[in-house]
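**Q** Each residue of the sequence shown is one higher than the one before, starting from 8 at the first, in my numbering.
Read the hints as simulated data drawn from the structure, not as lab findings. All C-beta atoms in this analysis are idealised placements derived from N, C-alpha and C, irrespective of residue type, glycine included. A portion of the hints provided could be inaccurate.
As the list claims (entries may be wrong) - With a straight-line Cα cutoff of 30 Å, these simulated DSSO-like cross-link-like pairs (lysine-lysine) come out:
1. K61 to K36
2. K41 to K61
3. K63 to K36
4. K41 to K63
As the list claims (entries may be wrong) - Cβ-Cβ distance ranges computed for the label pairs, FRET-style:
5. Q59 to M29: 44 to 50 Å
6. L22 to P76: 54 to 60 Å
7. I39 to K63: 46 to 52 Å
8. I39 to I19: 50 to 56 Å
9. V30 to A53: 40 to 46 Å
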Amino acid sequence: MTTTIDSILDDIAQLSIEDQEMVREIVHKRIIEKKRDGIHAAFLTAMEERTQGKTKSGTVDDLFPDPPPPR
C-alpha cells in the first residue's frame, strides 16, 4: 500500500488540535535528530581524515596564498 503525503495530511487533519500539535512536535524533533546525526557523521569523517593526515591546518593565507582573479 502506497501512502502519499496528501493521505497522511488528511489523516492528521482528522485529529484534534492537541494531537496535531503533538504530531508537529514529534516530526520536528525527529528532523532535528536526523540533522544532528548528519552533523555527527560529518564530524566522525573529518576526525578520521585528520587522523589519516588528509587535512591541513593554518590561516586563510596559509591555505589560500593567492586569491583567485576577479571575474
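**Q** Of all the hints given earlier, name the ones this structure violates by number, lowest first.
**A** Those not satisfied are hints 1, 3, 7, 8 and 9.
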